[in-house]
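*Asks:* Each protein sequence line maps, in turn, to chains S and L. All the letters of the first sequence, read from the start, carry residue numbers 1 to 701 under this note's numbering. All the letters of the second sequence, read from the start, carry residue numbers 1 to 127 under this note's numbering.
Some hints here could point you the wrong way.
[Stated by the list, open to error] Cut-off 30 Å, straight-line C-alpha distance, at most; resulting in silico cross-link-like pairs (DSSO-like, lysine-lysine):
#1 S:Lys-365 x S:Lys-443
#2 S:Lys-357 x S:Lys-218
#3 S:Lys-218 x L:Lys-49
#4 L:Lys-92 x S:Lys-203
#5 L:Lys-5 x S:Lys-9
#6 S:Lys-12 x L:Lys-92
#7 L:Lys-4 x S:Lys-203
#8 S:Lys-416 x S:Lys-86
#9 S:Lys-485 x S:Lys-203
#10 S:Lys-452 x S:Lys-481
#11 S:Lys-394 x L:Lys-49
#12 S:Lys-416 x S:Lys-548
#13 L:Lys-5 x S:Lys-357
#14 S:Lys-402 x S:Lys-218
#15 S:Lys-402 x S:Lys-452
#16 S:Lys-416 x S:Lys-394
#17 S:Lys-449 x S:Lys-318
#18 S:Lys-416 x S:Lys-452
#19 S:Lys-9 x L:Lys-92
#20 S:Lys-485 x S:Lys-548
#21 S:Lys-365 x S:Lys-485
#22 S:Lys-449 x S:Lys-416
#23 S:Lys-394 x S:Lys-318
#24 S:Lys-9 x S:Lys-86
#25 L:Lys-4 x S:Lys-86
#26 S:Lys-394 x S:Lys-548
#27 S:Lys-402 x S:Lys-387
Calculated directly from the structure, the hints in this document are not laboratory data.
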Amino acid sequence: MRDQGSSHKAVKEFLAEAEEVVEQLGSELADLADLADGGELNPELLNSIFRGAHSLKGLAGMFGFSDISELSHNMENILDSLRLGKISLGQGGLMKVLFGAHELLTSLVRSVEVDGAARTDEIAACVSRINSCLVPSPVKETAAVSPLEQLGLPVRVTGALTEYEEHRLLDNLNRGRNIFNVHTSFELTTFDQELAQVSDALKTCGEVISTLPSIGAKMETHIDFDILFGSTRPLDGLQALFGNDTIVVTCLGSADTKPASAASSLSSAVISSESRSVDVSAVALEAAKPATASSATIDDAAQSSKSMSRTVRVDIGKLDELMNIVGELVLAHSSISGIAIRMRNEGFSRMGIDLSKAARTLERKLTDLQRGVMEIRMIPVGQLYEKMSRIIRKISREQGKKVELTFNGADTELDKLIIEDISDPLMHIIRNAIDHGIESPVKRSSIGKDEKGTIRISSYQKGNHVVIEVEDDGNGIDLDKVKAKALQKGLVTDITSISDREALDFIFMPGFSTTDNVSEVSGRGVGMDVVRNNIAAVSGMVDIETTKGQGSRFIITLPITLAMIKALIISCAGRIYALPITSVMELLLLRDADIRTVERKEVLQLREQTLPLLRLESFFSTTRSTERPGEFYVVVVGVAEKRLGIVVDDLLGQQDIVIKSLGESFKRFRGISGAADLGDQRTILVLDAAGMINETMRVGH
Amino acid sequence: MSAKKTILIADDSPAMRALLVSTIEMLGDYRIVEASSGFEALRLLPRVKVDLILTDINMPDINGLELISYLRSNSNYLSIPVFIISTEGSQKDLEKGRLLGANEYLIKPFAPARLQALISSYLCGSP
Chain S
1 MRDQGSSHKA VKEFLAEAEE VVEQLGSELA DLADLADGGE LNPELLNSIF
51 RGAHSLKGLA GMFGFSDISE LSHNMENILD SLRLGKISLG QGGLMKVLFG
101 AHELLTSLVR SVEVDGAART DEIAACVSRI NSCLVPSPVK ETAAVSPLEQ
151 LGLPVRVTGA LTEYEEHRLL DNLNRGRNIF NVHTSFELTT FDQELAQVSD
201 ALKTCGEVIS TLPSIGAKME THIDFDILFG STRPLDGLQA LFGNDTIVVT
251 CLGSADTKPA SAASSLSSAV ISSESRSVDV SAVALEAAKP ATASSATIDD
301 AAQSSKSMSR TVRVDIGKLD ELMNIVGELV LAHSSISGIA IRMRNEGFSR
351 MGIDLSKAAR TLERKLTDLQ RGVMEIRMIP VGQLYEKMSR IIRKISREQG
401 KKVELTFNGA DTELDKLIIE DISDPLMHII RNAIDHGIES PVKRSSIGKD
451 EKGTIRISSY QKGNHVVIEV EDDGNGIDLD KVKAKALQKG LVTDITSISD
501 REALDFIFMP GFSTTDNVSE VSGRGVGMDV VRNNIAAVSG MVDIETTKGQ
551 GSRFIITLPI TLAMIKALII SCAGRIYALP ITSVMELLLL RDADIRTVER
601 KEVLQLREQT LPLLRLESFF STTRSTERPG EFYVVVVGVA EKRLGIVVDD
651 LLGQQDIVIK SLGESFKRFR GISGAADLGD QRTILVLDAA GMINETMRVG
701 H
Chain L
1 MSAKKTILIA DDSPAMRALL VSTIEMLGDY RIVEASSGFE ALRLLPRVKV
51 DLILTDINMP DINGLELISY LRSNSNYLSI PVFIISTEGS QKDLEKGRLL
101 GANEYLIKPF APARLQALIS SYLCGSP
């Protein structure tokens, strides 16, 4: 069906939604597993999981992704049996099967865009595992008369109950809960908030089984609702919940007590106050607020459709385009300012001044626009945390380790693209922390630690950067072991000569691992070098602090956005480059005599610190056609705690630039984050400070 | 007031709504109003004159069956044709939808052409 009219846009929508559904499914499955450990299942959660699989199945079917559809169909099947109480979670490691199916589903959804490689075998195996769990629980004996019939619900109500709602009703009865009908009447204009309030209040003390809209006495201005509700509370307690007399609660009975005449009271459209309902309904409808003028105009209609959904899903490509346009506007503004200055110089001073003023206003508005577009791209880091917490729970369960997770600063905002790109490296660091950091519960208690290990993930903004820290209270990194390994690998000749800090850097070397037994979790080929490279790819840095026996802390420093930045424009050996201003710490004017050479490397003594220097012409292996100037500048760049001095011939000024990617083929070049247009038809390279620092440190060893 | 016919789509899946919208747009120039739940559909109904409703069954807040039950008990909406668009699954739910007064039901995956044909026949072919 993919070709039959489903537009490209719709397919994109599908992918975005499928990813969302899969993600939520995963986090809810983890919640379910946690609850299952406690023995109690939350029906609302279970239903939500079911709905996830259900809607994915329908969607994938419509868009022609039959493998996703088939797998989610089977998941839906078993989840349906689960939510309808036909099977129980305790059987045959069902949770494990569900996790496995979810994993496969995730990878199927992810690979939709990449390839269409059929994974029929994998799916078939997974489906058969699912189906092997479909062994029904012993059916509880059913009463001669269905308890539902004893409730005497009118057809109007039972006719609109889904199979699931019926099951929930029965389940509530079987648990000996009272079933109530909560009848409310709201004005059509405000019913949404009011109904939500009532539902929320009810959910604090029981389960909302169904919400049936109906018409009451004031059909033109009001809408009524009958909410079927199960709770252990008695009728009086429930009525007291609402100080509001437009809400009428009727007890329909419970499994053991049968109401006298609930049936008759419900069969009328408006519930009367007879039998066991609280005696307020007589005034209920009268007390309802007076009707406001209700002639709905077209304007109203337009407004309501507008306010319907308050969020818009936007392809990030569109935002990039917008950002490019903003960038071009900024350039256009520069040339207008230039014209204004020329006009003033060439005698049109009055007009020149006016034009300058106009250009300044334009500049302010452009800054606002730029900030606005930037903010749209920002999403809270917390979105990442949800995914993390799910995986952490899963891994720690698999490893038999007890891990408590704490998150701080989930509302710190980062560019959406950066968030996407650091998800994998962050995950790897966390896996490492569970796998190698946190000890087993037995070991922990034997060394006097709490059985439960802690992983603390915190994020905060620091200037123009966002810092994400992953801290565990495990056994830390054994630096002696790292040093020994480095010696064994021939990376160093003398252990005593390397500092702890230098030793930590070895961890980021390709193929460097201190663990001998490769576990299932981490240490499966992807090493910390990949982590560092991935973080460096978004101009970030990673640092480690560790204390033996007490734990480690990984500190990831990232730029807030990659889109538009202020840059320092520099020239060196006849070429012009841009350096993001956020990484520039200071500028120094020096002469050759200020530079010293240590171990054949140029360094600079700067306030009791030795600053390594880098010459752009040798970094990029370009030849210098111009003479080196006697006086030159050193741009001190820093990311996290690391510093590097870049030797340049001249500083050309500051400018807003839009970094444009150089594409896949240039990705492997370290030290360049992209290209930018200077607005005068000159295209220059944008230097990546973090990449250059990493590269210099790496070469340094 | 325009003479365009209005179709209300109630589905909690944005992608499904997008697909339905593009299917309808290919058919003709209809006015389309989207609701992401039965609840939102209820909010929209008094404000927009609707000529046809497409609804999912499984939705948060107020589900499709509850929505249909309301539509069929309210004289203002009694005659609006309702199509259930749902995933195969609970036959009981679909059967109930029919009993409640849904005019048609389409089970995903269905051919867009089928939906287009049904819309044309219920709305007499003209947008």
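*Asks:* For each hint, tell me whether it holds in the structure or not.
*Replies:* Hints, verified against the model:
Restraint check: the Cα-Cα separation between Lys-365 (chain S) and Lys-443 (chain S) comes to about 61 Å, which exceeds 30 Å; the hinted pair is violated. At roughly 61 Å between alpha-carbon atoms, Lys-357 (chain S) and Lys-218 (chain S) are farther apart than 30 Å, so this suggested pair is violated. Between the alpha carbons of Lys-218 (chain S) and Lys-49 (chain L) the distance comes to roughly 20 Å, so the proposed pair stays at or under 30 Å and holds. Of the pairs offered as hints, the one joining Lys-92 (chain L) and Lys-203 (chain S) holds, with about 27 Å between alpha carbons and a cut-off of 30 Å not exceeded.
Restraint check: the Cα-Cα separation between Lys-5 (chain L) and Lys-9 (chain S) comes to about 24 Å, which is no more than 30 Å; the hinted pair holds. The suggested pairing of Lys-12 (chain S) with Lys-92 (chain L) is violated, with an alpha-carbon distance near 33 Å, which exceeds 30 Å. This hinted pair does not check out: Lys-4 (chain L) and Lys-203 (chain S) have alpha carbons roughly 42 Å apart, beyond 30 Å. Proximity of Lys-416 (chain S) to Lys-86 (chain S) is assessed by CA-CA distance (about 42 Å); at most 30 Å being required, the pair is judged violated.
Distance restraint check for Lys-485 (chain S) and Lys-203 (chain S): the Cα-Cα separation of roughly 58 Å exceeds the 30 Å cut-off, and the hinted pair is therefore not satisfied. Restraint check for Lys-452 (chain S) and Lys-481 (chain S): the C-alpha separation of about 26 Å stays at or below 30 Å, so the hint holds. Proposed proximity of Lys-394 (chain S) and Lys-49 (chain L) is contradicted: the alpha carbons are some 50 Å apart, above 30 Å. At roughly 36 Å between alpha-carbon atoms, Lys-416 (chain S) and Lys-548 (chain S) are farther apart than 30 Å, so this suggested pair is violated.
Annotation: proposed proximity of Lys-5 (chain L) to Lys-357 (chain S) is violated, straight-line Cα distance about 51 Å (limit 30 Å). As the CA atoms of Lys-402 (chain S) and Lys-218 (chain S) are separated by approximately 58 Å, the hinted pair breaks the 30 Å bound. For the hint linking Lys-402 (chain S) to Lys-452 (chain S), the alpha-carbon distance of about 5 Å falls within 30 Å, and the restraint holds. Restraint check: the Cα-Cα separation between Lys-416 (chain S) and Lys-394 (chain S) comes to about 25 Å, which is no more than 30 Å; the hinted pair holds.
About 51 Å separates the Cα atoms of Lys-449 (chain S) and Lys-318 (chain S), which puts this hinted pair outside 30 Å; it is violated. Restraint check: the Cα-Cα separation between Lys-416 (chain S) and Lys-452 (chain S) comes to about 33 Å, which exceeds 30 Å; the hinted pair is violated. Taking the CA atoms of Lys-9 (chain S) and Lys-92 (chain L), the gap is about 34 Å. The hint is violated against a cut of 30 Å. As the CA atoms of Lys-485 (chain S) and Lys-548 (chain S) are separated by approximately 17 Å, the hinted pair is consistent with the 30 Å bound.
As the CA atoms of Lys-365 (chain S) and Lys-485 (chain S) are separated by approximately 57 Å, the hinted pair breaks the 30 Å bound. For the suggested pair Lys-449 (chain S) and Lys-416 (chain S), the alpha carbons sit about 38 Å apart, so the restraint of at most 30 Å is broken. Restraint check for Lys-394 (chain S) and Lys-318 (chain S): the C-alpha separation of about 36 Å exceeds 30 Å, so the hint is violated. A threshold of 30 Å between alpha carbons decides the hint, and for Lys-9 (chain S) with Lys-86 (chain S) the separation of about 40 Å lies outside it, so the pair is violated.
Taking the CA atoms of Lys-4 (chain L) and Lys-86 (chain S), the gap is near 48 Å; set against the 30 Å cutoff, the hint is violated. Distance check on the hinted pair: Lys-394 (chain S) and Lys-548 (chain S) sit about 26 Å apart at the alpha-carbon level, within 30 Å; holds. Distance hint between Lys-402 (chain S) and Lys-387 (chain S) is fulfilled; the C-alpha atoms sit about 18 Å from each other, no more than 30 Å.
Checked against the numbered hints above, the structure violates hints 1, 2, 6, 7, 8, 9, 11, 12, 13, 14, 17, 18, 19, 21, 22, 23, 24 and 25; every other hint is satisfied.
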